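The working numbering puts the first residue of the sequence shown at 817, with every later residue one more than the last.
Since the hints were made in silico from the structure, they are not lab data.
Given the structure is predicted, the values throughout are model-derived calculations rather than measurements.
Every residue, glycine too, gets a C-beta built ideally from N, C-alpha and C.
Among the hints, a few may not be true.
[To be verified] In the DSS-like style, the derived pairs of lysine-lysine whose C-alpha atoms are separated by at most 27 Å in a straight line are:
#	residue 1	residue 2
1	LYS957	LYS915
2	LYS909	LYS956
3	LYS938	LYS953
4	LYS880	LYS819
5	LYS918	LYS944
6	LYS915	LYS950
7	LYS915	LYS953
8	LYS915	LYS880
9	LYS991	LYS977
10	LYS819	LYS855
11	LYS908	LYS864
12	LYS880	LYS864
13	LYS956	LYS938
[What the hints assert, rightly or not] Each pair of labels, with its calculated beta carbon distance range:
#	residue 1	residue 2	range
14	ILE966	ASP904	26 to 32 Å
15	PHE842	GLU974	44 to 50 Å
16	HIS847	GLN935	22 to 28 Å
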Amino acid sequence: FHKILIADVAPEGIEEINLPEGLSVFYTDHHPNAIIPKKILELRTIDKGYIPSSRTITELTQIKPWLGLAGIIADSGNLHSENEDFIDEQLKKISMTFKEFKENISNVITNFLIYFHNQPDKAFEILKNINSIKEVKQLKKYSEPLEDEIQRFIKEYESKKEKIGDVNFYYFEPKF
Numbered sequence: 817f818h819k820i821l822i823a824d825v826a827p828e829g830i831e832e833i834n835l836p837e838g839l840s841v842f843y844t845d846h847h848p849n850a851i852i853p854k855k856i857l858e859l860r861t862i863d864k865g866y867i868p869s870s871r872t873i874t875e876l877t878q879i880k881p882w883l884g885l886a887g888i889i890a891d892s893g894n895l896h897s898e899n900e901d902f903i904d905e906q907l908k909k910i911s912m913t914f915k916e917f918k919e920n921i922s923n924v925i926t927n928f929l930i931y932f933h934n935q936p937d938k939a940f941e942i943l944k945n946i947n948s949i950k951e952v953k954q955l956k957k958y959s960e961p962l963e964d965e966i967q968r969f970i971k972e973y974e975s976k977k978e979k980i981g982d983v984n985f986y987y988f989e990p991k992f
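Sequences and hints are given; from them, build the entire structure.
In structure tokens form, the structure reads like this:
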């Protein structure tokens, strides 16, 4: 390859990336402006409202738009009206409701990434081979342990929470 695309990294994080010489680098993000090296071509979407980088990448590349949609939802882009038409268009293409997509695709991918939070290279190797929305079901075996843990803590919360003034306090130590 001779091009690198960097997305959703705070501008200050660019300095931490050891970029090989001689490659074209394109940077896009929705964080406020900061100075990045002049040799990097950049697109900031902050002036358009809250546009998650996963949306920008999906619009630029058209690669795995369902994965971009999952990223938009994980980044809470669905809470901002400027993403509404894009989200609706993507959901229409795959004939799913927002609720169906969030439960069966977005949450599964998010949980999968949390499952491998200490092994990002392994997560990438698995995810790069998921080429269709139907193949996301292969990730459920990683998602289910997180869902089980979440449900367990929700149940424990009711019986173990402590009332401290007007605050309900519940200490827990999740595996994930």
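Holds or violated: LYS908 and LYS864, Cα atoms, limit 27 Å. Holds - the C-alpha atoms of LYS864 and LYS908 are around 24 Å apart, at most 27 Å.
Does LYS956 lie within 27 Å of LYS909 when you go C-alpha to C-alpha? Holds, at roughly 23 Å.
Range hint compliance [Cβ, ILE966 to ASP904, 26 to 32 Å]: Between ILE966 and ASP904, where Cβ atoms are some 28 Å apart, the hint holds.
Starting from LYS938, check that the Cα of LYS953 is at most 27 Å away, please. holds (18 Å)
Is the straight-line distance between the alpha-carbon of LYS957 and that of LYS915 27 Å or less? Given pair LYS957, LYS915 holds - Cα atoms ~21 Å apart, limit 27 Å.
Holds or violated: are the alpha carbons of LYS880 and LYS864 at most 27 Å from each other? Given pair LYS880, LYS864 holds - Cα atoms ~23 Å apart, limit 27 Å.
Given the hinted pair LYS915 and LYS953, is their alpha-carbon gap at most 27 Å? holds (16 Å)
Does LYS938 lie within 27 Å of LYS956 when you go C-alpha to C-alpha? holds (16 Å)
Restraint check for LYS918 with LYS944, where alpha carbons must lie at most 27 Å apart: holds (20 Å)
Checking one constraint from the list: CA of LYS991 to CA of LYS977, max 27 Å. Satisfied? holds (19 Å)
Given the hinted pair LYS880 and LYS819, is their alpha-carbon gap at most 27 Å? holds (19 Å)
Does the alpha-carbon distance linking LYS915 and LYS950 stay inside the 27 Å limit? holds (17 Å)
Hint compliance for this structure: every hint is met.
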